[in-house]
Amino acid sequence: MSANEEEQQDQPIASAEGFASLFPYKENLPGVVDDMLTELEKRGKVGHVCQYALPSGETVIRILNLLAEVLFPGYFGKAALDRANLPFHLGETISLVYDLLAGEIARCLLHERQHGQRRDRQECEEEGCAQAFRLLEKLPRLLDVLDEDVRAAYAGDPAATGYDEVIFCYPGFRAIMIYRIAHELHLQGVPWLPRIMTEYAHSITGIDIHPGATIGRSFFIDHGTGVVIGETSEIGDNVRMYQGVTLGGFRFRKDEEGELERGYKRHPTIEDDVIIYANATVLGPVTVGKGAVVGANVQVTESVEPGTQVTIEKPRHRIKRRENQ
Amino acid sequence: MSANEEEQQDQPIASAEGFASLFPYKENLPGVVDDMLTELEKRGKVGHVCQYALPSGETVIRILNLLAEVLFPGYFGKAALDRANLPFHLGETISLVYDLLAGEIARCLLHERQHGQRRDRQECEEEGCAQAFRLLEKLPRLLDVLDEDVRAAYAGDPAATGYDEVIFCYPGFRAIMIYRIAHELHLQGVPWLPRIMTEYAHSITGIDIHPGATIGRSFFIDHGTGVVIGETSEIGDNVRMYQGVTLGGFRFRKDEEGELERGYKRHPTIEDDVIIYANATVLGPVTVGKGAVVGANVQVTESVEPGTQVTIEKPRHRIKRRENQ
Amino acid sequence: MSANEEEQQDQPIASAEGFASLFPYKENLPGVVDDMLTELEKRGKVGHVCQYALPSGETVIRILNLLAEVLFPGYFGKAALDRANLPFHLGETISLVYDLLAGEIARCLLHERQHGQRRDRQECEEEGCAQAFRLLEKLPRLLDVLDEDVRAAYAGDPAATGYDEVIFCYPGFRAIMIYRIAHELHLQGVPWLPRIMTEYAHSITGIDIHPGATIGRSFFIDHGTGVVIGETSEIGDNVRMYQGVTLGGFRFRKDEEGELERGYKRHPTIEDDVIIYANATVLGPVTVGKGAVVGANVQVTESVEPGTQVTIEKPRHRIKRRENQ
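Chains as they are written, first to last, in my numbering: chain A, 62 to 386; chain B, 62 to 386; chain C, 62 to 386.
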């Protein structure tokens with residue numbers, strides 16, 4: 062090969078537009094499209110496309126980020142804020158959240174038509190607005206609760222240098238912020254959107270809290286990756302937990318047709334002032350009593366008395382000398 | 062300080078462009094650049110830069126998102142779809158995926174030159190197109206399999222309200238969707254790209270499935286954070302698992318030079334109808350037999366008989382009353 | 062309903078701008094804004110907004126991505142690089158990092174004013190530049206160390222096909238790259254920014270390493286989701302660990318006022334050549350001696366002798382036949 066050809070060989074491939082048309086495969090793509098349409102039609106997914114609206118994941122993320130800006134002005138977002146422009150900026154942001162949230166809620170409501178609940182489009186739009194407004198009215202109270210969560214994080218983590226660090230970058234705090242917003246929407250009866258929000262939190266923090274769970278005040282998850290808090294969990298005040306903790310279900314019930322029962326209480330109740338250490342598992346509708354401590358790696362399948370500390374028995378390890386490695 | 066100066070002090074720092082040039086450090090940056098070039102040269106990384114192309118992480122993510130739009134039209138993406146425009150939209154998206162995928166595959170093939178497998182640039186481009194087309198031909202069959210995964214999720218999770226919720230926001234479902242696409246490319250012999258895809262899934266879901274693993278039909282991972290499914294794992298049909306489950310390797314083998322052996326079967330085989338609960342670990346090329354259940358937190362290092370249930374022995378906990386906290 | 066109305070009903074809801082103004086809720090938003098301002102004022106958060114600057118999460122992410130481009134040119138970023146343009150591209154990128162980093166460091170320093178350390182704005186700007194430059198001077202040495210980490214990954218993972226795969230897509234490698242950059246800034250005394258960086262790494266990899274931890278050379282985390290390495294951990298050379306490993310604190314100390322003590326050594330020391338397998342927990346300021354192996358799921362709360370292997374005792378499982386499922 063000549064020096065020029067060598068050099069040509071060494072050029073990285075920038076994009077395929079240049080070469081993809083040189084080869085005959087593309088001519089056969091219409092066949093692929095037809096096969097796909099046939100398969101979609103067969104599975105009833107074409108009608109589905111047109112029957113009802115679906116929320117936009119991107120818009121939901123945007124709503125959550127804007128709400129973070131409203132609850133903690135100056136921490137997030139690009140605007141340079143000062144005392145003079147804060148009211149204006151806050152008003153603008155709240156108005157934008159209202160619009161976006163009304164739209165997403167309306168889509169979720171319209172989506173419910175799939176399940177046989179006939180809804181008028183205009184009904185959904187009006188209810189979307191009403192529900193969005195209801196949530197925004199709760200913002201001062203949400204701030205009050207979230208402030209306590211921040212303090213709980215600082216008080217519970219020796220590595221925390223201040224409240225700002227918690228607000229700005231603690232994943233446990235971001236997860237609880239999103240959960241509390243989603244939980245309010247859940248209580249308001251908004252379908253689907255609360256779960257979309259908490260699964261977004263799950264994606265960015267590794268913390269999976271179902272919006273149906275009930276969580277009290279001054280709640281702190283440290284580190285957080287792997288935490289699972291199931292749909293019917295109930296958590297009191299001043300509870301702290303660590304990475305990998307599961308509050309899970311146990312022995313799912315089935316009805317006479319062999320279908321899963323849904324909605325019944327199957328997750329734990331955690332009372333006030335409990336601490337649950339890393340990778341502990343609490344399974345079933347048991348109660349961990351007030352002030353109890355569940356040690357790392359403990360698996361709890363029965364209720365725990367208040368004020369007790371449950372740790373794994375001193376583990377009998379096998380200890381042996383390693384041979385040549 | 063005067064009131065004006067106080068106010069000046071209180072202005073947030075918008076960006077450094079204004080002030081960075083006021084201080085002399087920047088004049089010394091060329092020295093830093095030279096040192097860096099010297100170090101790169103020393104490590105043979107300058108030649109590396111020019112020798113072969115590398116895929117674009119951003120483009121790979123875009124390909125995966127577009128494929129999600131094709132497999133589940135209306136769920137993702139911005140387009141307002143209806144019966145009339147769906148075929149057109151589908152065709153356009155499939156065509157775009159083809160171009161992007163052909164380009165990324167071609168880069169991965171060209172990259173293999175590093176390992177001594179001399180490839181002609183044009184060969185790589187043509188093979189990129191062929192491989193992209195092969196994958197797209199499989200889309201109807203992929204949809205069929207993914208549909209079963211959706212149903213398995215709904216049937217296996219009491220918290221699921223419907224198929225749409227699973228498709229739209231379940232991380233376990235997103236991970237399996239990406240894995241199945243990556244696995245097809247792996248079977249087609251495309252280097253590197255499958256692993257880039259599954260590590261992206263890992264980043265957004267916390268679920269780490271090597272594209273070389275083999276997974277049967279109706280597969281469901283609930284919650285998912287922390288799941289690891291190793292390269293040589295084999296999983297049958299109707300298998301369900303929970304967060305924190307590891308199907309891992311055990312006692313790596315080394316050759317005579319002390320180098321790790323690669324590629325041999327070292328991960329578990331999980332037969333049909335198995336359930337593996339949260340944080341269980343299955344290590345080594347063992348078999349978990351058909352219909353078995355592995356309980357939470359169990360560590361399995363030997364094969365498990367079909368139809369048996371393995372749980373940790375009722376843990377002996379230390380339970381004691383807490384003193385003043 | 063007429064056919065037209067049916068069709069109208071079936072149109073997805075595109076956005077709320079069209080309908081949100083049709084309903085009266087929006088007129089009441091100013092009341093919501095006022096309530097929010099009152100709550101913020103009450104909590105002293107309005108003054109906070111104007112008192113000091115805060116870093117930009119988006120800019121920090123951009124800095125980390127640009128540094129990855131500098132350390133591993135050609136792997137990331139969009140530029141088509143070759144031998145001729147590499148010095149120019151490198152110089153441009155390093156200059157941009159300098160500007161952005163100086164700005165973010167200056168903001169972090171100015172932020173410290175909250176904690177009573179009065180700082181002159183110009184002081185912060187100059188120190189921002191000085192600190193940014195100090196970090197950039199370390200880049201060749203950082204590359205040297207990171208190169209060893211890459212080799213450690215390849216040598217420690219049978220599934221790795223080459224160094225490029227590790228650099229491009231291994232989350233464990235991305236986490237250590239970000240940690241090492243953050244740790245240098247931590248050693249330089251830059252407040253807050255190191256933690257922002259490592260929490261970003263935590264978000265995208267599931268690996269949580271405090272920037273205050275000390276980690277030696279040739280370090281490898283495989284899979285990684287759920288790893289927690291606490292603030293005062295010390296790790297030697299040639300250490301390898303797996304997903305779910307916690308190097309955590311134990312029995313937090315409190316001072317006479319009942320406040321948490323901060324900063325004291327409370328996390329483990331891991332000596333050279335140690336391997337820690339999946340989901341093992343090492344708690345407290347204990348030492349895991351040189352060449353030791355901590356098996357999967359082991360909970361260590363006492364020091365481990367060098368050269369020993371600690372595994373859980375062969376678990377006594379309950380094994381029973383499953384009834385009809």
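It is worth saying that the hints were derived from the structure and are not from the lab.
Here the structure is a predicted model, which is why all the values come from computation and not from measurement.
C-beta: ideal position from N, C-alpha, C; glycine also.
Incorrect hints may have been included.
[Unchecked claim] According to the in silico footprint, chain C covers these stretches of chain B (three or more CB under 8 Å from chain C): (1) 258-272; (2) 302-316; (3) 346-359.
*Per the coverage rule (Cβ-Cβ under 8 Å, at least three residues), is the segment 302-316 of chain B covered by chain C?*
Contact hint for the segment 302-316 of chain B vs chain C: holds, 5 residues under 8 Å.
*asked:* How does the segment 346-359 of chain B fare against chain C when you require at least three residues with a CB closer than 8 Å, holds or violated?
replied: holds (count 5)
*Against chain C, does the segment 258-272 of chain B show at least 3 residues with beta-carbon separation below 8 Å?*
holds (count 7)
In the structure shown, no violation is registered for any of the earlier numbered hints.
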